[in-house]
Each structure stands twice: as C-alpha cells, then as structure tokens.
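Whole structure, please, built from the sequences with the hints as guidance.
Below, each chain spelled out in residue letters.
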Amino acid sequence: MNLRRNWIAFQTIVIKEVLRFMRIWVQTVLPPAITTALYFIIFGGLIGSRIGEMDGLRYMDFIVPGLIMMTIITNSYANVVSSFYGSKFQHHIEEMLVAPIPNALIILGFVAGGVCRGLTVGVAVTLVSLLFSPFSMHNLGVTLSVVLLTSVLFSLAGLINGIYAKSFDDISIIPTFVLTPLTYLGGVFYSITMLPEFWQGVSHLNPILYMVNAFRYGLLGVSDINLWLSYAIILGFIAALFSFSLYLLNKGHGIRN
Amino acid sequence: MPKALSIRNLTKTYRNGFQALKGIDLDVEPGDFFALLGPNGAGKSTTIGIIASLVNKTGGEVSIFGHDLDREKDAAKACLGLVPQEFNFNSFEPVVEIVVNQAGYYGIPRRQAYERAERYLKELGLWEKRHETARTLSGGMKRRLMIARALVHEPQLLILDEPTAGVDIEIRRSMWAFLRKINAEGRTIILTTHYLEEAENLCRNIAIIDHGEIVENTTMKGLLGKLNVETFVLDLARPLAQLPQLPRHTLRWVDELTLEADIRKEDSVNQLFTDLAAADVQVLSLRNKTNRLEQLFMNLVKENRPS
Ligand SMILES: Nc1ncnc2c1ncn2[C@@H]1O[C@H](COP(=O)(O)OP(=O)(O)OP(=O)(O)O)[C@@H](O)[C@H]1O
Ligand SMILES: [Mg+2]
Numbered sequence: 001m002n003l004r005r006n007w008i009a010f011q012t013i014v015i016k017e018v019l020r021f022m023r024i025w026v027q028t029v030l031p032p033a034i035t036t037a038l039y040f041i042i043f044g045g046l047i048g049s050r051i052g053e054m055d056g057l058r059y060m061d062f063i064v065p066g067l068i069m070m071t072i073i074t075n076s077y078a079n080v081v082s083s084f085y086g087s088k089f090q091h092h093i094e095e096m097l098v099a100p101i102p103n104a105l106i107i108l109g110f111v112a113g114g115v116c117r118g119l120t121v122g123v124a125v126t127l128v129s130l131l132f133s134p135f136s137m138h139n140l141g142v143t144l145s146v147v148l149l150t151s152v153l154f155s156l157a158g159l160i161n162g163i164y165a166k167s168f169d170d171i172s173i174i175p176t177f178v179l180t181p182l183t184y185l186g187g188v189f190y191s192i193t194m195l196p197e198f199w200q201g202v203s204h205l206n207p208i209l210y211m212v213n214a215f216r217y218g219l220l221g222v223s224d225i226n227l228w229l230s231y232a233i234i235l236g237f238i239a240a241l242f243s244f245s246l247y248l249l250n251k252g253h254g255i256r257n
Numbered sequence: 258m259p260k261a262l263s264i265r266n267l268t269k270t271y272r273n274g275f276q277a278l279k280g281i282d283l284d285v286e287p288g289d290f291f292a293l294l295g296p297n298g299a300g301k302s303t304t305i306g307i308i309a310s311l312v313n314k315t316g317g318e319v320s321i322f323g324h325d326l327d328r329e330k331d332a333a334k335a336c337l338g339l340v341p342q343e344f345n346f347n348s349f350e351p352v353v354e355i356v357v358n359q360a361g362y363y364g365i366p367r368r369q370a371y372e373r374a375e376r377y378l379k380e381l382g383l384w385e386k387r388h389e390t391a392r393t394l395s396g397g398m399k400r401r402l403m404i405a406r407a408l409v410h411e412p413q414l415l416i417l418d419e420p421t422a423g424v425d426i427e428i429r430r431s432m433w434a435f436l437r438k439i440n441a442e443g444r445t446i447i448l449t450t451h452y453l454e455e456a457e458n459l460c461r462n463i464a465i466i467d468h469g470e471i472v473e474n475t476t477m478k479g480l481l482g483k484l485n486v487e488t489f490v491l492d493l494a495r496p497l498a499q500l501p502q503l504p505r506h507t508l509r510w511v512d513e514l515t516l517e518a519d520i521r522k523e524d525s526v527n528q529l530f531t532d533l534a535a536a537d538v539q540v541l542s543l544r545n546k547t548n549r550l551e552q553l554f555m556n557l558v559k560e561n562r563p564s
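Respectively, the protein sequence lines represent chains A and B. Those letters in the first sequence? Residues 1 to 257, by the numbering used here. Those letters in the second sequence? Residues 258 to 564, by the numbering used here.
Among the hints, erroneous ones may be present.
Below, simulated DSSO-like cross-link-like pairs (lysine-lysine); rule was C-alpha separation at most 27 Å, straight line [as the list claims (entries may be wrong)]: (1) Lys478/B - Lys88/A; (2) Lys330/B - Lys386/B; (3) Lys330/B - Lys251/A; (4) Lys166/A - Lys399/B; (5) Lys559/B - Lys88/A; (6) Lys88/A - Lys438/B.
For the record, the hints were derived by calculation from the structure and aren't laboratory data.
Following this line, the structure appears as structure tokens:
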C-alpha cells in the first residue's frame with residue numbers, strides 16, 4: 001500500500017515537473033538549442049577549421065560531446081533550482097509537505113524532473129549537432145549511463161541551491177560563478193593534455209572534467225581520464241549530494257518554520 | 258473513538274525568539290464543526306501550521322484521529338485536509354491539474370483523481386474554469402479552488418483558515434451550505450474566521466485563542482449564554498423630547514430618533530416593550546447593536562490585554 005502510494009506520488013511530481021518545463025518550452029528548451037547551434041557555427045565551423053585536430057579528431061567533432069554535456073549539466077541544474085525555488089516562493093511546496101510523501105521521494109521527484117529536462121534539451125542539441133558533425137557512437141551503455149548520472153548529479157546540486165535560495169538572485173549566482181567556469185574549464189573546448197602539467201593537475205580537481213571525458217569516450221572512444229575513475233567520482237558526488245539534500249529537507253531547512 | 262484532534266501543551270517559539278504559542282490544549286470531537294477564533298496575531302495560523310506539518314513545533318503533542326504527528330506522521334497526514342490562509346498553489350498551473358496533482362500526492366491513482374477533481378470542482382462552481390491557469394481566477398474562486406484541493410483525498414478532518422476572507426455574500430452563503438453538507442456527511446471541520454456571525458451560524462463548539470493561549474473553550478450555546486447583557490438599538494416612530502425612565506432597563510440616546518437599550522439575561526424583550534408602551538414610546542424596528550458573539554469576543558479579548 002505504502003509502496004503503491006509512494007509510486008503514485010512520485011509519478012505525480014514527475015508529471016508536474018515535466019509539464020512545468022514543457023509549458024514554458026520557449027524559455028526552457030528552445031534557448032539552449034539556439035545557443036548550442038551558435039557554438040557549433042562559431043567555434044566548430046568558423047574558428048575550428050583553423051585549429052586543426054584535437055586528440056586526433058576534427059575540432060568540430062571533438063567539441064560535440066562537450067557541448068551536449070554542458071547543455072545537460074546547465075539544464076538539469078537550472079530546472080530543479082528554479083522549480084524548487086519557485087515552489088518555495090509561491091508556497092506550493094506546501095502541497096507536498098502536507099501530504100504523506102517521504103522527503104526522499106520529493107527529492108527523487110524533483111531530480112527526475114531535472115533529468116527529463118536535461119535529456120530533452122540534450123536530445124534537441126544532439127539533433128542540432130547532426131547538422132555539423134556526423135553521428136558517432138562508440139559505446140551506448142557508457143554514453144547513456146554517463147548522461148543519466150551526470151544529469152542526476154546536477155539536478156541534486158540545483159535542488160540544494162534551491163533549498164538555500166532566498167531570492168531570485170540566489171538561483172543565478174552558483175550557475176554564473178561556479179557552474180559555467182567549471183564547465184568551460186572542464187575540457188569542453190579543449191583536451192587538457194594541451195595544458196602545462198601544473199594546470200593539468202588543477203583540472204583534475206574539477207569534477208566536470210570526468211563527466212565530459214567519460215561522455216566523450218562513450219561517443220568517440222577518446223578520453224583524457226580513466227573511465228572507472230569517472231564513474232566512481234560521479235557516483236560519489238551523487239551519494240554525497242543526495243544525503244545532504246535529504247538532511248536539509250528533514251531539518252525543514254528553508255521550507256518549514 | 259479517538260478525538261478528531263487532540264493537542265497537548267503545544268508551544269511554538271519562532272526563530273526570532275517570538276513565542277507564538279504558550280502551551281495550548283485543545284480537543285475536537287469527531288463530527289464536530291469547531292470554531293477557532295482569535296484576534297490578528299493570536300496564533301491561529303501557527304497552530305494550524307503545526308497540525309498540518311508546515312511549521313515545526315517547539316514542544317507538545319498533536320494527534321489527528323489518534324495518530325500522533327511524531328510517531329505516525331503519514332497516517333495523521335492522510336486524515337487531514339487543509340485550506341490555508343494564504344494562497345499556496347502554483348498560479349501558472351491549470352485549475353484541474355492543481356487538484357489532480359494533490360490527489361496524486363496522497364496516492365490516489367490518476368483516473369480516480371480526475372473523477373474526484375470533477376466532483377469537487379463542480380460542487381464548488383469551478384468546473385467551467387478547469388483549464389484556466391489559477392492566476393486568472395478571482396479571489397473568491399481561488400479560495401474555492403483550495404477547498405476543492407483540500408477535499409480531493411476525502412479527509413476526515415478539514416481545517417479551513419479564514420476560507421471566506423474576500424468572498425462575496427452570495428458565495429459565502431453557498432460555501433456555508435457546502436460546509437454544512439460535508440459536515441453532515443460526517444467530516445469534522447475546524448474553521449477560523451474573523452466574521453463572528455459565520456462562526457455563530459456554523460459552529461457547535463468554539464475555542465478563543467489570544468496571545469498564544471486558549472482563553473475560552475466551550476460550546477457555542479454555552480458561550481452565548483454567558484452574555485449577561487445584550488444591547489439593542491431601537492428606531493423610533495416619533496422624536497422624543499426627553500429620555501424615558503424605565504423601571505427595569507437602562508436607555509441611552511443615540512440621536513433623537515434612536516435609542517439603545519440594555520437587556521439583562523433575566524429580563525425579556527417583551528418586558529422592555531411593555532415598559533416602553535407604558536412610557537408612550539413607539540418603536541418602529543429593533544436590532545442587535547452588535548452580533549452577540551462579537552460582544553463576548555470583545556469582552557474576552559479585552560480581559561486578556563495586559564493593562
Ligand atoms: N515566521 C514567523 N516568524 C516570526 N514570527 C511569526 C512568524 N509567523 C508568525 N509569527 C508571529 O506569530 C504570531 C501568531 O501569528 P499567526 O499567523 O499564528 O496569527 P493568527 O492568529 O493566524 O492571525 P491572523 O488572524 O492575522 O491570521 C504573530 O505575532 C506573528 O507575528
Ligand atoms: Mg492566520
């Protein structure tokens with residue numbers, strides 16, 4: 001009975017979350033597709049032709065996995081942070097708090113919503129990329145699992161941001177000052193083997209590097225990083241972020257007086 | 258049979274140090290229609306917030322139909338439907354989705370949730386608006402939406418925090434009829450309101466809370482019976498030259514065509530008219546100066562003010 005009730009509640013949150021971003025697809029799905037198309041045209045097409053090869057690949061082909069990953073990261077994060085903050089701001093989080101839904105399930109529901117947004121936009125961007133770069137799939141299992149896990153990870157991070165956020169400014173600070181720099185420095189646009197040794201070392205502290213490389217391995221079969229290390233790091237982050245967000249919700253941080 | 262609601266020594270101190278509840282005890286019987294009254298800032302919404310798991314309590318115990326809020330949270334929550342004081346739905350969501358989703362949170366399968374949403378939205382006159390986003394509803398419609406949402410899992414206890422605030426007279430009357438009906442079906446209702454006429458009309462039992470303390474908790478009849486003196490306003494047929502002296506009642510001028518008369522509980526209105534007739538005063542109409550409950554309420558709250 002409890003299991004069935006929880007399953008229905010979970011489904012309900014996911015449906016609500018998906019409908020939310022689909023209702024405003026002009027703000028949620030379309031812009032990333034356009035932005036990424038611009039990246040392809042400018043970096044891949046115009047500048048990329050002068051860069052030559054990267055890791056033995058055409059520059060355009062090299063950046064495709066990174067750009068898809070970047071889109072998935074930012075959209076998973078953005079979806080959950082704005083949805084959760086919005087539900088606090090308009091108080092409709094209370095609809096869930098009065099009902100017999102375990103906090104872990106609220107987290108899973110919001111995360112699933114973030115994953116749906118990440119994947120929807122990821123697919124849109126992948127379709128755009130086909131205009132510029134031939135499709136390639138080195139290992140489907142790795143590709144899908146890395147996409148899914150990364151999306152879960154950044155949905156959780158967005159949730160924690162949403163829990164702490166006290167104003168609309170608070171939901172854009174982390175994406176601007178942390179997420180974007182880490183993504184840009186995470187090997188989306190270059191192979192870290194190009195960097196001096198010291199900066200290569202520093203780059204290894206950036207978790208996004210592991211995701212971008214694991215994903216690039218899945219699609220193209222090349223990576224600067226050991227694949228299993230990538231999985232370990234992603235799963236470790238997921239476990240830590242999940243526990244932390246559960247701790248915050250159990251404490252009622254930001255949602256209960 | 259367990260109480261619909263049982264509260265023991267409930268305290269709440271907000272993070273800023275403000276003590277909103279100072280140890281409240283309250284029992285509500287199953288099937289009751291109960292009024293929780295009190296002036297602004299008395300602690301009504303705080304109490305309701307704790308019952309509904311939206312506010313963390315500082316101390317004390319709450320149980321709903323015998324389910325303790327700490328030990329059997331889910332069972333307690335399933336028994337409760339809440340209509341909060343402030344609008345708390347996603348104003349960009351269509352009306353029907355708000356109700357259907359709420360049902361989903363309680364584990365009601367989607368198809369059944371639609372059936373129930375249809376039933377309650379129709380009963381509350383919102384079915385035509387089901388596809389509109391909630392922000393396009395009028396204030397009174399938003400209140401009714403929250404009532405439909407609170408009923409969709411058919412809770413045994415319904416708590417309404419000022420459900421008729423900003424609702425026009427006609428709709429208020431239809432809401433009263435609706436609430437009476439679901440109460441007659443066996444659902445326990447707790448209501449807060451600042452319209453005391455509403456509480457007097459609907460509720461059988463009453464608690465008055467002030468400064469975080471219960472200052473009165475009794476039956477509506479019992480409370481109204483405590484009113485020792487009622488004041489009536491008399492509209493006169495002819496202006497009076499001077500204030501008539503009556504043997505049993507005190508009269509006061511309002512203006513030359515209007516008098517106020519105090520009638521003690523042990524005296525009858527008949528007696529007043531007999532005395533007035535003897536004094537050759539002709540009365541056109543008579544009304545209560547204030548609602549009876551209002552008068553009692555003011556007395557109780559005044560007694561409780563620090564002087
Ligand atoms: N989040 C909060 N932080 C600090 N104090 C609060 C908070 N919420 C309410 N209070 C205080 O607690 C007291 C009780 O508030 P509450 O909302 O329970 O009153 P109420 O009886 O519902 O009043 P009203 O009739 O105006 O709705 C008030 O003095 C209020 O200022
Ligand atoms: Mg209130």
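Status of the hints after comparison with the structure:
About 42 Å separates the Cα atoms of Lys478/B and Lys88/A, which puts this hinted pair outside 27 Å; it is violated. Only pairs whose Cα atoms come within 27 Å are accepted, and Lys330/B paired with Lys386/B is rejected, the gap being roughly 34 Å. At roughly 15 Å between alpha-carbon atoms, Lys330/B and Lys251/A fall within 27 Å of each other, so this suggested pair holds. Between Lys166/A and Lys399/B the CA atoms are separated by roughly 26 Å; this keeps the pair inside 27 Å, and the hint holds.
For the proposed pair Lys559/B and Lys88/A, the alpha carbon gap of about 38 Å is over 27 Å, so the pair is violated. Annotation: proposed proximity of Lys88/A to Lys438/B is violated, straight-line Cα distance about 34 Å (limit 27 Å).
Violated hints for the displayed structure, listed by number in ascending order: 1, 2, 5 and 6.
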